[in-house]
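Chemist: Here is what each chain is made of, one letter per residue.
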Amino acid sequence: MAAPQNQPVLRFAVQRLLGAIPTLLVLIALAFFLIRLAPGGPFDSEKQLPPEIETKLRAAYNLDDPLPMQLGRYLLNIAQGDFGPSFQYRDFTVSELIATGFPVSLRLGSLAMAIALLLGITAGTLAALRQNRPADYTIMGAAMTGISIPNFVLAPLLVLVFAVWLGWLPAGGLGDGSLRYLVLPVIALALPQVAYIARLTRGSMIEVLRSPFIRTARAQGLATHTIILRHALKPALLPVVSYLGPALAAIITGSVVVEQIFGVPGLGRFFVQGALNRDYTLVMGVVVFYGSLIIALNFIVDLVYGWLDPRLRQV
Amino acid sequence: MNRPAEIVAPPGRSLWSDAWRVLRRNRAAMTALLLLATMTLLVIVGPWLSAFSFDATDWDRISEPPSLASGHWFGTDALGRDLFVRTLYGGRISLLVGAVATAVSLLIGISYGAIAGYVGGRVDQVMMRIVDILYALPFMFLVILLMVLFGRNIVLIFFAIGAINWLDMARIVRGQAMSLRSKEYVEAARAGGVRTGRIIFRHIVPNLLGVVIVYATLTVPQVILVESFLSFLGLGVQEPMTSWGALVNEGAQELENAPWMLLFPATWLALTLFCFNFVGDGLRDALDPRDRQG
Amino acid sequence: MSESLLEVTGLGVRFGTPDGEVSAVQDLNFEVSAGECLGIVGESGSGKSQSVLSLLGLLADNGRASGCAHFGGRDLLALSAAELAAVRGAQIAMVFQDPMTALNPYLSIGSQMSLVLRRHEQLSPRAARDRCTEMLTSVNISDAANRLDSFPHELSGGQRQRVMIAAALLCRPRLLIADEPTTALDVTVQAQILALISQLREQFDTAVLLITHDLGVVAGHCDRVLVMEQGQRRDYGGVKEIFTTPAHDYTRRLLAAVPRIDAPGRQALPDTVDELLAVQDLSVSFRLPPLRWPGRARELRAVDDISFALAAGETLGVVGESGCGKSTLARAVLRLVPPGAGRVSLLGRELLPLQGESLRAARRDLQVVFQDPLASLDPRMTVRDIVAEPLESFQPELDRDSVTARVAELLGRVGLEAAHLNRYPHEFSGGQSQRIGIARALICAPKLVICDEAVSALDVSVQAQIIDLLLDLQQELGLALIFIAHDLAVVRQISHRVLVMYLGRAVELAAANELYERPRHPYTRALLQAVPIPDPDLERGRERQLLSGDVPSPLQPPSGCAFRTRCSFADARCAAERPVLHELHGGLVACHRAEEI
Ligand code: SF4
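Residue numbers (numbering that gives the first Met the number 0), protein chains in the order written: chain A, 0 to 314; chain B, 0 to 293; chain C, 0 to 596.
Next comes chain A alone, as it looks inside the complex (with noise of 0.2 Å):
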């Protein structure tokens, strides 16, 4: 491909995109081929479907073609954005449903990693800064505890603390959509991750604060925050940086259950019942829809990364 020599930044960015594609075709593929060809699957012949159903997936699926034109027109179908008709919901399309949930969920799940990045990183510097003293241990077994209550167990809980025995905040539903219906959600989201990237963040900054350029940094009188801000923190952030795909793909698992609990109707809650009701198309939709979030985050992360660190731009 003809990318301008000159610019080693835009060659960087689309050398990363041709990685990111394949990953992109492997995940469309793999859904189509598992939905396709599983026994008992909704496309199995011995299956008594509804007429207007029958009509629709015919259409969509173009049943009669071979299946690599059958995947082909999938995969056209996907780049316009449709994902066929719901078999649960009969009036509406696979689309409409996404439309409706996922603005929903991309509220609670940028806010928890915000939360999580925020709170993340200046708890695990604090803990790196104050390392093996009373700080460091608080933080850290505080962290531990974090990693190892997942959403789904510390979401119950917080309703039973703050919603039934307390009656501080409501224990579910999105009410009238103000922030108060938002908080035990968001942080049942967050806080697992909140943990994971203190973890991250505490362990990397050590390594990073005994490297010997730290010690030139001291060397040259440079003030504590200077080192830390302008010497320590690029480094130190970019296992955080790299964390940033899987931290998604965390916070969007936890939405499943965590919208399911608090009955916020989310992307996450049409997964669960399409799935419990074996509605094929939305979790196929839902399932590559998010796969592809993912991917094109990684993508972005790659880019950060390059920026992050000259090493890799080096042509």
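Please note that a few of the clues may not be correct.
Stated by the list, open to error - Each computed SDA-like pair below joins lysine to any residue, with the alpha-carbon atoms no more than 25 Å apart:
no. : chain 1 : residue 1 : chain 2 : residue 2
1   : A       : Lys233    : C       : Ser155
2   : B       : Lys182    : C       : Pro338
3   : A       : Lys233    : C       : Leu147
4   : B       : Lys182    : C       : Ser392
Because the hints were derived from the structure by calculation, they are not lab data.
Could you slot chains B and C with the ligand onto chain A? The hints should help.
Modeler: Chains B and C with the ligand only, in chain A's frame:
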């Protein structure tokens, strides 16, 4: 000259015995280890010691709070089943999944990583590209898809979970194998005419073992987590069999009138994960050669 | 003597460890006058670095310093952390050993340097940038203004150390502390950096505290010297005095142990000519993966057309700077890397075509001792198992007890005890570990042992013992040695003949004393001139022509003569035509103009 019998050579301190000393001094890890052992033992023998069976319903004792007098130490659930026994049974499933799925992921991960790392070159490049691609897939969703398509099946859960967790292990083992391969003591062994099989057996494997043990310990809680997650959603083990995830789910639904149904299984699950993480951390400190320098 | 700048009295450094307190430095006294250069010499563990780090409050967290250190009317050790930070970088600056790790790889050079100025002189970003440009120019970095935007990995090793020095001098400190500033560099680059430090010392009127293990460096650049051992001062005085009339026994031993490049070698050419090993036109290339996927693979010619022969009982020294391919040459002969073109025959048997079992059998006559004594011993095996391994693989029929007996006997021969049999490598010092490595190499009674930087990681006194041991064993067993090292003085001591390599090619091959006294190739000359001699009078009186620049990347060697980019004799022919190794006055040299020079 010395005859063999006269050679008196006191034993040295091996890295394993060093690591064991470090681990033993780590009070948190040792406590966690002890706790884990106790819980495992309870989970295995506990149900036989109890007067109740895990699936016997008792309509006179629905949602009874925990009490020593009635013998229902953890109370009963909405069907009047004894929660203590059910928690232990759930533990059997969770720990079993933890062990089996970890073993599956170890098997795949180690062989894949070791081959890529030891063979190197183009084979390695291709193999690692595949891992990269798989790494970016939203696995939890694929597993759910699998469950939806193929029905809820415990054996499938074992393999599905094991099959998604091998990626980390493969990467770690591959990195280690690569660096070990170029270690000077391996070169010295090759120059000393030692056969490849023996090099792998005597030099590569023992030096790989530490890392593998650490990551295996850290894989177990991850696997337990995935299984409980699926069970929580109702996609895992089926009634009347149960697992901690399923119990937490039932508890969450009876939150207001029977909080013990949530608290007991949730505590056991969290405690188990907590202990595994602590033991894993402790092992990492003890076995990680980087800290040995200091 | 001019005014005293730094006066250290009763300095002690202790470290708290889980097994109790360890004392690293005891009751150390010294002073540095304005503008002078004081050298602190010592072997590893002598406390030379710790004592200086303690002055600046840079000890590890578990370290504590006691005593007094007067600098500019204040006691450094009594200052608060903030007060001390204001002194660091402004009045006392430091340069560290490895410029690759001592510079922040994630920040451009300009930002790293500017931070210092903005901290101590509150300069505006613009003014700071101008000062940095100026300073980079004074350390001879060309195109300084643009270089500020470079990252450390884009510079060569020598350039990085120049940047470190520039950053240290930004605020015109009165004292510059250089902790082993050239140890990580090649000898020709070392000479450049040391010359630069001396020049800047006068230009900026800065005193220099030079910490080093290398007595040659001290002889050439220091006014006064402090010798340390085990945390204590052993000798202290003017440089001539220390070298000619050392007061302390330790200094005398140290001076005696240092290999000197001007001392004739210990080996006379043997008259036997039984050819043991013949290497002909050996080349080794590596395919490096592309820098980024997808991309084109790159080819690295690590060894390029090397030929030499070796007689039984003879030692061939192989020298060259890092990246010259000397270690790859060793690994190719040992068949540890895939061979490229050429022939290697041992006792008339071709090694390169061998595969599998026949290759394994041939390895019996050919053994190796590596550089890093610890890395070359499997940490999870006992000494007995490590040393026995080759024997067990070549003579599986031996029973366990007789193997153990052989191992015990050999351990005794290399200066260890049978009581060490069941110990593990991490329980030994570097010198002892290297003895274990030698025992392993010798257990099958090989004909040829290749020593790849086998003494480079060791302190001088230990180095001397290991060399003695190797020479003894060679005498006794009639071993042939290939002795690979970057330290030219050591190679002269031990070798009968010496091969000089540059970018994978042989540039000169001659009898050791002949080569060191009458080098024919311009590179050999420059290399020899760059090696410091531990004798102040000789060292300061030497005429030197410093090589400019660094070794080019072996990925893109220059056309024609690989050395032409740094050779002062280069002409048009050198760029066009590759010189071949030809005979000249009994030696072999690869230079078009060797005859005229
Ligand atoms: S051939 Fe030319 S460039 Fe090479 S060493 Fe001789 S004179 Fe210098």
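Chemist: Each hint should be assessed against the structure and marked as holding or not.
Modeler: We went through each hint and held it up to the structure:
{"no.": "1", "hint": "A:Lys233 / C:Ser155", "in the structure": "holds, 24 Å"}
{"no.": "2", "hint": "B:Lys182 / C:Pro338", "in the structure": "holds, 19 Å"}
{"no.": "3", "hint": "A:Lys233 / C:Leu147", "in the structure": "holds, 19 Å"}
{"no.": "4", "hint": "B:Lys182 / C:Ser392", "in the structure": "holds, 20 Å"}
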